Amino acid sequence: MKLTTINFIGNRNIALIFSSILSVASLVSLGVNGLQMGIDFTGGTLIEVGYQQPADITVLRSTLDGAGFADATVQNFGTAKDVLIRLKLQEGVSSVDLSSKVLEAINKTTAEPASLRRVEFVGPQIGDDLAQDGFLALLYSTIGILIYVAWRFEWKFSLGAVIATFHDVIVTLGVFSLLGMEFDLTVLAAVLALIGYSLNDTIVVYDRIRESFLTMRNKSTEEMMNISVNVTLSRTIMTSLTVILVLASLFFLGGEVIHGFAVVLLFGVFFGTYSSIFIASPVALMFGVCPADLVPVVKEGEHFDNLP
Amino acid sequence: MQNHFPLWKNSLVLITFLISLIYALPNLYGEDPSVQISSTTPERISQQKASEIESAITALGVSTKQFEYKDGRVLARLSSTDDQLKIADGLRDQLGNAFTVALNLAPNTPSWLQAIGAQAMYLGLDLRGGVHFLLEVDMDAAVKQAEERYIDDVRLALRREKIRYLSVAKDNGFIKVKLKVAEELPSFISILNKEFRGLDITESKQANDELWLKISERDQKDIKKFAVAQNMTTLRNRVNELGVAEPVIQQQGDNRIVVQLPGVQDTTRAKEILGTTATLEYRLVDVEHDVQKALEGHPPIGSRLYYDKNAQPLLLNRQIIVTGDQIVDADSGMDQDGRAAVFITLNGVGATKMGKFTQQNVGKPMAVVFIEYKVDTRIVNGEKVRHKEKVEKVISVATIQGVFSKRFQTTGLDSPQEARNLSLLLRAGALAAPVDIVEERTVGPSLGQDNIDKGFLSFIVGFILVVLFMAVYYRLFGMIANFALAFNVVIVVAILSMLQATLTLPGIAGIILTVGMSVDANVLIFERIKEEIREGNTPQTSIFIGYEKAFATILDSHVTNLVVAIVLFAFGTGSVKGFAVTLIIGILSSMFTAITGTRMVINWIYGDRRVEKLSI
Numbered sequence: 000m001k002l003t004t005i006n007f008i009g010n011r012n013i014a015l016i017f018s019s020i021l022s023v024a025s026l027v028s029l030g031v032n033g034l035q036m037g038i039d040f041t042g043g044t045l046i047e048v049g050y051q052q053p054a055d056i057t058v059l060r061s062t063l064d065g066a067g068f069a070d071a072t073v074q075n076f077g078t079a080k081d082v083l084i085r086l087k088l089q090e091g092v093s094s095v096d097l098s099s100k101v102l103e104a105i106n107k108t109t110a111e112p113a114s115l116r117r118v119e120f121v122g123p124q125i126g127d128d129l130a131q132d133g134f135l136a137l138l139y140s141t142i143g144i145l146i147y148v149a150w151r152f153e154w155k156f157s158l159g160a161v162i163a164t165f166h167d168v169i170v171t172l173g174v175f176s177l178l179g180m181e182f183d184l185t186v187l188a189a190v191l192a193l194i195g196y197s198l199n200d201t202i203v204v205y206d207r208i209r210e211s212f213l214t215m216r217n218k219s220t221e222e223m224m225n226i227s228v229n230v231t232l233s234r235t236i237m238t239s240l241t242v243i244l245v246l247a248s249l250f251f252l253g254g255e256v257i258h259g260f261a262v263v264l265l266f267g268v269f270f271g272t273y274s275s276i277f278i279a280s281p282v283a284l285m286f287g288v289c290p291a292d293l294v295p296v297v298k299e300g301e302h303f304d305n306l307p
Numbered sequence: 000m001q002n003h004f005p006l007w008k009n010s011l012v013l014i015t016f017l018i019s020l021i022y023a024l025p026n027l028y029g030e031d032p033s034v035q036i037s038s039t040t041p042e043r044i045s046q047q048k049a050s051e052i053e054s055a056i057t058a059l060g061v062s063t064k065q066f067e068y069k070d071g072r073v074l075a076r077l078s079s080t081d082d083q084l085k086i087a088d089g090l091r092d093q094l095g096n097a098f099t100v101a102l103n104l105a106p107n108t109p110s111w112l113q114a115i116g117a118q119a120m121y122l123g124l125d126l127r128g129g130v131h132f133l134l135e136v137d138m139d140a141a142v143k144q145a146e147e148r149y150i151d152d153v154r155l156a157l158r159r160e161k162i163r164y165l166s167v168a169k170d171n172g173f174i175k176v177k178l179k180v181a182e183e184l185p186s187f188i189s190i191l192n193k194e195f196r197g198l199d200i201t202e203s204k205q206a207n208d209e210l211w212l213k214i215s216e217r218d219q220k221d222i223k224k225f226a227v228a229q230n231m232t233t234l235r236n237r238v239n240e241l242g243v244a245e246p247v248i249q250q251q252g253d254n255r256i257v258v259q260l261p262g263v264q265d266t267t268r269a270k271e272i273l274g275t276t277a278t279l280e281y282r283l284v285d286v287e288h289d290v291q292k293a294l295e296g297h298p299p300i301g302s303r304l305y306y307d308k309n310a311q312p313l314l315l316n317r318q319i320i321v322t323g324d325q326i327v328d329a330d331s332g333m334d335q336d337g338r339a340a341v342f343i344t345l346n347g348v349g350a351t352k353m354g355k356f357t358q359q360n361v362g363k364p365m366a367v368v369f370i371e372y373k374v375d376t377r378i379v380n381g382e383k384v385r386h387k388e389k390v391e392k393v394i395s396v397a398t399i400q401g402v403f404s405k406r407f408q409t410t411g412l413d414s415p416q417e418a419r420n421l422s423l424l425l426r427a428g429a430l431a432a433p434v435d436i437v438e439e440r441t442v443g444p445s446l447g448q449d450n451i452d453k454g455f456l457s458f459i460v461g462f463i464l465v466v467l468f469m470a471v472y473y474r475l476f477g478m479i480a481n482f483a484l485a486f487n488v489v490i491v492v493a494i495l496s497m498l499q500a501t502l503t504l505p506g507i508a509g510i511i512l513t514v515g516m517s518v519d520a521n522v523l524i525f526e527r528i529k530e531e532i533r534e535g536n537t538p539q540t541s542i543f544i545g546y547e548k549a550f551a552t553i554l555d556s557h558v559t560n561l562v563v564a565i566v567l568f569a570f571g572t573g574s575v576k577g578f579a580v581t582l583i584i585g586i587l588s589s590m591f592t593a594i595t596g597t598r599m600v601i602n603w604i605y606g607d608r609r610v611e612k613l614s615i
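Those protein sequence lines, which keep their order, are chains A and B.
Counted the way numbering that gives the first Met the number 0 counts, the first sequence spans residues 0 to 307.
Counted the way numbering that gives the first Met the number 0 counts, the second sequence spans residues 0 to 615.
Do not rely on the hints blindly, as some may be mistaken.
Pairwise CB distance ranges (calculated) [to be verified]:
{"no.": "1", "chain 1": "A", "residue 1": "Leu29", "chain 2": "B", "residue 2": "Leu304", "range": "54 to 62 Å"}
{"no.": "2", "chain 1": "A", "residue 1": "Leu29", "chain 2": "B", "residue 2": "Glu30", "range": "42 to 50 Å"}
{"no.": "3", "chain 1": "B", "residue 1": "Gln1", "chain 2": "A", "residue 2": "Met215", "range": "23 to 31 Å"}
{"no.": "4", "chain 1": "A", "residue 1": "Met36", "chain 2": "B", "residue 2": "Ala228", "range": "32 to 40 Å"}
{"no.": "5", "chain 1": "B", "residue 1": "Glu271", "chain 2": "A", "residue 2": "Ser22", "range": "50 to 58 Å"}
Cross-link-like lysine to aspartate or glutamate pairs, in silico, EDC-like; alpha carbons within 20 Å at most [what the hints assert, rightly or not]:
{"no.": "6", "chain 1": "B", "residue 1": "Lys576", "chain 2": "A", "residue 2": "Asp128"}
{"no.": "7", "chain 1": "B", "residue 1": "Lys177", "chain 2": "B", "residue 2": "Glu160"}
{"no.": "8", "chain 1": "B", "residue 1": "Lys161", "chain 2": "B", "residue 2": "Glu183"}
{"no.": "9", "chain 1": "A", "residue 1": "Lys100", "chain 2": "A", "residue 2": "Asp70"}
{"no.": "10", "chain 1": "B", "residue 1": "Lys389", "chain 2": "B", "residue 2": "Asp307"}
{"no.": "11", "chain 1": "A", "residue 1": "Lys100", "chain 2": "B", "residue 2": "Asp265"}
{"no.": "12", "chain 1": "B", "residue 1": "Lys529", "chain 2": "A", "residue 2": "Glu210"}
{"no.": "13", "chain 1": "B", "residue 1": "Lys85", "chain 2": "B", "residue 2": "Asp265"}
{"no.": "14", "chain 1": "B", "residue 1": "Lys169", "chain 2": "B", "residue 2": "Asp151"}
{"no.": "15", "chain 1": "A", "residue 1": "Lys218", "chain 2": "B", "residue 2": "Glu534"}
{"no.": "16", "chain 1": "B", "residue 1": "Lys548", "chain 2": "A", "residue 2": "Glu210"}
{"no.": "17", "chain 1": "A", "residue 1": "Lys100", "chain 2": "B", "residue 2": "Glu271"}
{"no.": "18", "chain 1": "B", "residue 1": "Lys270", "chain 2": "A", "residue 2": "Glu103"}
{"no.": "19", "chain 1": "B", "residue 1": "Lys453", "chain 2": "A", "residue 2": "Asp81"}
{"no.": "20", "chain 1": "B", "residue 1": "Lys576", "chain 2": "A", "residue 2": "Asp132"}
{"no.": "21", "chain 1": "B", "residue 1": "Lys576", "chain 2": "A", "residue 2": "Asp127"}
{"no.": "22", "chain 1": "B", "residue 1": "Lys453", "chain 2": "A", "residue 2": "Glu255"}
{"no.": "23", "chain 1": "A", "residue 1": "Lys80", "chain 2": "B", "residue 2": "Asp452"}
{"no.": "24", "chain 1": "B", "residue 1": "Lys8", "chain 2": "B", "residue 2": "Asp607"}
Everything labelled a hint here was simulated from the structure, so no lab data went into it.
This one's a predicted model, so the numbers in the text were calculated from it and none came from an experiment.
Don't be surprised by glycine CBs; every beta carbon is placed ideally from N, CA and C.
All chains, full assembly: derive it from the sequences and hints.
So this is what it looks like as structure tokens:
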């Protein structure tokens, strides 16, 4: 890749406006569509059964309806032979033997007995705990990052990094809510991994800006930033590509269980790459970052010591 | 410019590589489905019994891959899971309660690797199949039970000290004691201070002959701690009785217990066995008072109304002869008339009590009460409500024919299955407090294998794609980075194997993600080297400066990544934790392989000589 001289910083308003629109749209989508919370967070029962032949969903649905599981949702999972049954926490019914009752009910009508592949039951108190833990994880990782970046760089960079990262998370979740995919624990883990990744990308650019601040002279802050983004551009893109390669492999071959995980990270890496090029540095600039913030203060007297 | 590693650095990399390779090796050998038979008594399985078992397996029409007898245990390796189930069921019927028959996956690791402690990675339940339960211990019930005990003890103490009282009763979390004479209050207080340190004393404001007692915070804490510890022991006993290889029973938080049963498919029975708090009580039947009167709401003092299996009411003495705690052994079987029976053995205290009691009461009817606590969470009007139920039923009433003490039998159970479950529960001990299953995750064996296959395939494909990409783009340097990448995967697998950390499907995803991300360090270095070359530096200098300058960046970017991974580890549960673990190991080891590992090879190739051009 040739060294580029694209004026990223000069045209920062285009990117900032675009990202603002994107973020607002994502928030709207999150507000309107919401996230399809999985049973990890809502509590409930999930049963996956497998058949040798493609299963007739309509028959299963009416069977369950007749057996008193009116609120059961039945759908194919990955292939036509796999069926996923979801049940909410039942009023007045003990959830503990629900799965065996459901299996009993569907096996009465189908010619071929279903083979049980997976049962997940999450009680209401656990759902709340998992949601709370998830929220705390997001909070603590954000705080951890703020502190680390503020310590290694400076608070303006720290804010820039966090804003860029939040942008990635919001936009990715926005896309996720548009797709209507289920948000479970694995997806939450992907969101956190995305935070780590997006940050990693941003830090590399910041690192270079710091270096430019310390070594370059006679250049404006804007110019120095622009050069830094440009010289790290090929690295930013290369790394994103390798990660996208493995994620694509995971998406296409990893199976249905890991789909949400792969989707979040695929979009996340895409937006993370975008934001570390277009958003992170302009935001730090907006907060008024300048070389003086990073150049170590020269102590009095030191100057004389270095004289020949 | 010296691009040269000292001997110790070369050795460090090579030795790390070698050790990782050895400890990652067991993962290549795979596992055999097998059946493990061990004795439930302290006595070990004899050589003779082992050969009997071997012929029993042959008689079932299944050929074993290998039959091992070691340390008083028998392990039969089989070629399929179908054979495994067939043999386990067959042997369970034949061997009875004295032996545990457990399904297991026996690793094929060669003995020289086992000798140095090398093991394959520990697969999580989502990969090997099995059940995961999260049980919540009902702490309120534990405290309530303690309260009951205190009431009995306080009454006893009052009687012993001849302090007359009007009532000792529970009220709103307090034990309210009303004495007959207010003057005796000080001596009562001194008894309390001496013998009941766990109780906080409040003097009643309304009456000067009344004391309000409450279990102190500290004592409550101890009671709760004890309840969880006791429950873990009981659960462990029960799981052992179930016959599960490598079960995991761990405390989580203050009041939750994780139970993982690899390979178990029959979740209904597992749930029955784990969750029930069934026990027995022996009481004398009250034949002196009228049942009808009790039904009308006037039970005689000293007796309580019970119902038998046919919902017929009967009166039993309040005083218990023997409780489930005093049962040391229980076995199920048939009595002379072919009815399902449980054969009970009591401990010394229980035996003495039973002996004394039966001696004095020959000819009178005695009842066996079956007690079971059922707890679950239900939703009522959108609110989550803990539903608790104490089921007590009289399972048999029999006339005491003669004196007995230590050993006797109890009949009146519905089926041999019920007798078997009850004897198992009595043997394993009672739960100190009821438990509630708040989370269940069951993965069938076919899905587990599917997950492994899919995870492995996507890993291989992802790995090859990255390798090709790097080789095409960075040529020789790319190949060196690929070597480091492979090295990194070996280290991650080796460390996971050594730590015996649980590998889950998200864990595999973590390894795959690591493959994509760990080349990042090399990309950073190589881009920097290219930059230095563009600036007009010599190849040797470019390599040197490239590595040096990239190092700070790599450190910063990896640490932030690490912070997030550690937070994920701290807050994640189950499979998510597995993801965090692989991510953390991957991040750390990739820094070593991508920086030091590649540098070593590059130094070998380009170091200490004149270089015109780099293949980068």
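A quick look at each hint next to the structure:
no., hint, in the structure
1, Leu29/A to Leu304/B: 54 to 62 Å, "holds (59 Å)"
2, Leu29/A to Glu30/B: 42 to 50 Å, "holds (45 Å)"
3, Gln1/B to Met215/A: 23 to 31 Å, "holds (29 Å)"
4, Met36/A to Ala228/B: 32 to 40 Å, "holds (35 Å)"
5, Glu271/B to Ser22/A: 50 to 58 Å, "holds (52 Å)"
6, Lys576/B to Asp128/A, "holds (15 Å)"
7, Lys177/B to Glu160/B, "holds (15 Å)"
8, Lys161/B to Glu183/B, "holds (10 Å)"
9, Lys100/A to Asp70/A, "holds (15 Å)"
10, Lys389/B to Asp307/B, "holds (15 Å)"
11, Lys100/A to Asp265/B, "holds (14 Å)"
12, Lys529/B to Glu210/A, "holds (17 Å)"
13, Lys85/B to Asp265/B, "holds (14 Å)"
14, Lys169/B to Asp151/B, "holds (11 Å)"
15, Lys218/A to Glu534/B, "holds (19 Å)"
16, Lys548/B to Glu210/A, "holds (10 Å)"
17, Lys100/A to Glu271/B, "holds (15 Å)"
18, Lys270/B to Glu103/A, "holds (17 Å)"
19, Lys453/B to Asp81/A, "holds (16 Å)"
20, Lys576/B to Asp132/A, "holds (12 Å)"
21, Lys576/B to Asp127/A, "holds (18 Å)"
22, Lys453/B to Glu255/A, "holds (10 Å)"
23, Lys80/A to Asp452/B, "holds (18 Å)"
24, Lys8/B to Asp607/B, "holds (16 Å)"
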